Amino acid sequence: MGIKALIRKWTPKAEAYFSTFPWKNLLFFLLFLVLAFIFWLMLFFQKENVEGSYRIPLKYTNIPEDVVFDHVLPEFIEISVADNGVEMFRLDIRKKDSLEINVTEMLDGGTTELQGDQYRQLIRSQLSPSTNIRGYYPMRISLATSRLESKELPVHFDGEITTSRANLVPDSVLFIPETVIAYGSAESLKQLKSAITEYTLFKNLKATSQLPIKINPVKGVKFVPTEVEIYIPIEEFTERTFEIPITATRVPADLDVKFFPSRVNVSFSVTLEEYKKITPEDFAIELNYRDFHENEGGRVDLELTKRPLSVNNIRISPSSVEFLFENKSGR
Amino acid sequence: MITIGVTGGMGSGKSVVCDILRVHGIPVYDADREAKELNDNSPVIREEIIRQFGEELYRDGRLDRKAFASVIFQDERKLAIANAIIHPELAKHFLGWCVRQQHHSVVAIDAALLFEAGFNKWLDKVITVYAPKDLRLQRTIARDQSTADHVEARMNRQMPEEEKIRRSDFIIYNDNQHSLILQVAELLLKLRE
Numbered sequence: 073m074g075i076k077a078l079i080r081k082w083t084p085k086a087e088a089y090f091s092t093f094p095w096k097n098l099l100f101f102l103l104f105l106v107l108a109f110i111f112w113l114m115l116f117f118q119k120e121n122v123e124g125s126y127r128i129p130l131k132y133t134n135i136p137e138d139v140v141f142d143h144v145l146p147e148f149i150e151i152s153v154a155d156n157g158v159e160m161f162r163l164d165i166r167k168k169d170s171l172e173i174n175v176t177e178m179l180d181g182g183t184t185e186l187q188g189d190q191y192r193q194l195i196r197s198q199l200s201p202s203t204n205i206r207g208y209y210p211m212r213i214s215l216a217t218s219r220l221e222s223k224e225l226p227v228h229f230d231g232e233i234t235t236s237r238a239n240l241v242p243d244s245v246l247f248i249p250e251t252v253i254a255y256g257s258a259e260s261l262k263q264l265k266s267a268i269t270e271y272t273l274f275k276n277l278k279a280t281s282q283l284p285i286k287i288n289p290v291k292g293v294k295f296v297p298t299e300v301e302i303y304i305p306i307e308e309f310t311e312r313t314f315e316i317p318i319t320a321t322r323v324p325a326d327l328d329v330k331f332f333p334s335r336v337n338v339s340f341s342v343t344l345e346e347y348k349k350i351t352p353e354d355f356a357i358e359l360n361y362r363d364f365h366e367n368e369g370g371r372v373d374l375e376l377t378k379r380p381l382s383v384n385n386i387r388i389s390p391s392s393v394e395f396l397f398e399n400k401s402g403r
Numbered sequence: 231m232i233t234i235g236v237t238g239g240m241g242s243g244k245s246v247v248c249d250i251l252r253v254h255g256i257p258v259y260d261a262d263r264e265a266k267e268l269n270d271n272s273p274v275i276r277e278e279i280i281r282q283f284g285e286e287l288y289r290d291g292r293l294d295r296k297a298f299a300s301v302i303f304q305d306e307r308k309l310a311i312a313n314a315i316i317h318p319e320l321a322k323h324f325l326g327w328c329v330r331q332q333h334h335s336v337v338a339i340d341a342a343l344l345f346e347a348g349f350n351k352w353l354d355k356v357i358t359v360y361a362p363k364d365l366r367l368q369r370t371i372a373r374d375q376s377t378a379d380h381v382e383a384r385m386n387r388q389m390p391e392e393e394k395i396r397r398s399d400f401i402i403y404n405d406n407q408h409s410l411i412l413q414v415a416e417l418l419l420k421l422r423e
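Quick note, the sequences are listed as chains A and B, same order. Taking the numbering used here, I'd label the letters of the first sequence as residues 73 to 403. Taking the numbering used here, I'd label the letters of the second sequence as residues 231 to 423.
One or more of the hints may lead you astray.
What the hints assert, rightly or not - Label pairs and their calculated CB-CB ranges:
1. B:L325 with A:T319: 31 to 41 Å
2. B:S409 with A:T319: 16 to 26 Å
3. B:A378 with A:T319: 27 to 37 Å
To be verified - DMTMM-like cross-link-like pairs, simulated, lysine to aspartate or glutamate; straight-line CA separation at most 25 Å:
4. A:K294 with A:E353
5. A:K330 with B:D262
6. A:K278 with A:E232
7. A:K400 with B:D249
8. A:K330 with A:E353
9. B:K363 with A:E353
10. B:K266 with A:E311
If you're looking for bench data, these hints aren't it; they were derived computationally from the structure. The structure displayed is predicted, hence computed values, not measured ones. Backbone N, C-alpha and C define an ideal beta-carbon position, used for all residues, glycine too.
Only chain B is shown next, with the shape it has when bound in the complex (with noise of 0.2 Å):
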């Protein structure tokens, strides 16, 4: 079985390349989302953040995100503490996931933060799906519904893009230019071979 994770900065449409990957047959981890079902229902995430950042952060058995992003996005010191707790489990989630996907010849990830948490480690190959600076913007501001400053903030805060096209081993070029299936096509023929 083939392991490839998908990666991207905001904007970049990675889950509409993960829409084709799904369309061929190739089941898609939600990263992002796991995660989320992670921090309510792991009874080890969520006593490591209790004891970490105290225990108001869960709320009628949930974790309450936007309390949690408050406290962890404004010092680079909780955010390295609450990372460290959630991306172990998150792989050793995905890795039980793998497991249970056997049958199928290739499985995907799609994770935003695929780097920086580590999880490139256990992929046989990434692709970044990558755009312009200024589309990725454009399609962040209107998903978001925010601003341009807010969102370039964000996107500063994250991984250069040319840092993640140097690791990857394949680019999907989403910048309406190219077509997304042909190439998602063409890398799946590759990755048969």
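So that you can see chain A by itself, here it is in the shape it has in the complex (with noise of 0.2 Å):
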């Protein structure tokens, strides 16, 4: 049987039920219901001893960074109190705010364990005058610290920049700022040589960017700050090739040494900015006879020894030659 069958079927039922039901005697119930909870409610509120436990939430403020704290700090204390009626409802339904410690303060004064009447009265400011604190736990927070080394160290990065196509990272990327201080023992500063950033991957970035990255933690070491900014320079560039001449030197003056081919295709990657400024004098391909002439199968790998240095992507075609010499005398 559908549902709809089932509606239609006791619709007509309920209707009746609900035809004959009491509502005025109902309504009289919970009025008076009303009434009884108001009277308690008053009576309640009369009451002069009313005990009560809470769950106050500890927050420490002020910490110096470069201590560590000898034992672990509690995140909340239990207090147990009494009052009256109306200043416990009051407890009861209002938001508890955590108890600040400053630590700072606490540890320029003198105190490196919270207890008695300075942690009383740290608990009291939450309270109204009139509650009285019967017990509290824990009983003592202790505030030891031990000192610090510091050592600053440079920040690099661990991770991928990739461009969208037609963009090139020109420099290297800076970081803001360019050093971060850590904070931990002797002996775990003393390998560390520079703060390494969280493995992060940019993809695909189209303009210069300026984006946060944490510094990837260390057991046992504090770092400050524990995020930079890195900037990232994007500029757009374009493809230029140029066809450069093989040339050869210390060749012996009886020689002549010839590649084939004698020319060739340097490919690179410049930014718009360089494009114009750049001529194929500012590359060399230049091998020096000692470091080929005995090669096996006379043939040589080419690389520039001279290039600008605003270029990337360098690509050399064909990457290696073949070579002879020619007797001079012979000729």
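Join the two chains, each given in its own frame, into one complex according to the hints.
And the structure:
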């Protein structure tokens, strides 16, 4: 039987039942229930000595950077209090603010352990003046610290930066700030040479970007700050190719060397700004006779001996050439 | 005197092979360069080109190559006419050059369109310089600063490599795996045998 059919079957019966329901009686009952609750509350508020237990969160502020706590700090305290009904009711419904412990203030005042009157006064600041503190736990909070060594470290990037097709990262990335302070034991700091960032992938960047990046945590070491900004310069680039001759140096006077081919194509990426400034004369492939004259197969690999700093992604085609020595005296 | 033709597709490396032949003391006739000279300076070619395609193609006594190319490469018929004007004159010029090189035992001609122009008729041997298509494409794109599509379109208009190889006497492999110097040296030994 479908739902619609069930509804059709039971609706008349429900209507019949509710038409005979004693609504008036129910309303009177609810009214008197509310009145009873109000009278109960009034009695409760008049009570002098109502007890209750509460949990108050602890918040530690102004913690010096160059220290580490000798003990684990509690996250909250449990308090047992007593007061009149009204105050207890207010305490019940009020949101519990954190109890703030200003660590620097405590340590500067010579307090390494929060206990006794100082502690009670701090707790009392959360309560009404009439409230009695019956008990609290923990009964003391140790603020004992050990001073850490510090070391300034340069930030190094760990990750990958990829750009969209026509863009290039022309210079190294920069960090702001460039260095961070590492705090830790002498032993743990000795091994650290730099503060490495968390492995981060910056994909398909289209424009110069400045983005936040976290320092990778190291056990037993605290970095300040824990996050820096990475500046990634991006410029639009274009491809260019020059034909460059191959030359040989330190060739004995009686020999002539010929390369096949004698000129090769050097392709590279360059920013639009630098494009017009670059000429073929900025490149050179000079081979030292002593380095290749005994090469097996009469072939030598090519590399640029001169190139502008502003170009990237250099390719030489072909990457190696054959060579022949001609005896000048034999001509 | 032995006459050899060196041919091959775009980017195959004909000019490198010809450089090696020159090192061996073999004079090489550069058909492309000589054809350009003849187009500018041969009265026979000049007269025929003007008659067929108009005198506006010549400026300051020289053929406007870009304009000429745009006329003949769009139309198969006009291309055939242009070849019919230039190739015979080039062939005559080459043969005249061969006569002046009689003191050499071997001479060579570097001609990309060697078979298409029918030059193989006057040659004793033909060498095709072969490189795989991808390598030829890469070399031509870098050399001509062109795009892959443009270069490939030009390659597809030329005689297939397989056809050139079939019609040749020798193949030289310029694929970065074989030594060109050695291959040329072996070839010359065979020729002289």
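Hints, verified against the model:
1. For L325 of chain B paired with T319 of chain A, a C-beta distance near 38 Å keeps the hint of 31 to 41 Å intact.
2. Here the CB-CB span from S409 of chain B to T319 of chain A is close to 22 Å, well matched to the stated 16 to 26 Å.
3. Against the hinted window of 27 to 37 Å, the Cβ-Cβ separation of A378 of chain B and T319 of chain A comes to about 31 Å, which satisfies the hint.
4. About 52 Å separates the Cα atoms of K294 of chain A and E353 of chain A, which puts this hinted pair outside 25 Å; it is violated.
5. Of the supplied pair hints, the one linking K330 of chain A and D262 of chain B holds, its CA atoms being roughly 23 Å apart against a limit of 25 Å.
6. Our distance criterion of 25 Å between C-alpha atoms is met by K278 of chain A and E232 of chain A, whose separation comes to about 15 Å.
7. Restraint check: the Cα-Cα separation between K400 of chain A and D249 of chain B comes to about 17 Å, which is no more than 25 Å; the hinted pair holds.
8. The straight-line distance between the Cα atoms of K330 of chain A and E353 of chain A is roughly 21 Å, inside the 25 Å bound, and the hint therefore holds.
9. Proposed proximity of K363 of chain B and E353 of chain A is contradicted: the alpha carbons are some 31 Å apart, above 25 Å.
10. Among the hinted pairs, K266 of chain B with E311 of chain A is inconsistent with the structure: their alpha-carbon atoms are about 31 Å apart, more than 25 Å.
This entry does not satisfy hints 4, 9 and 10, going by the numbered hints stated previously.
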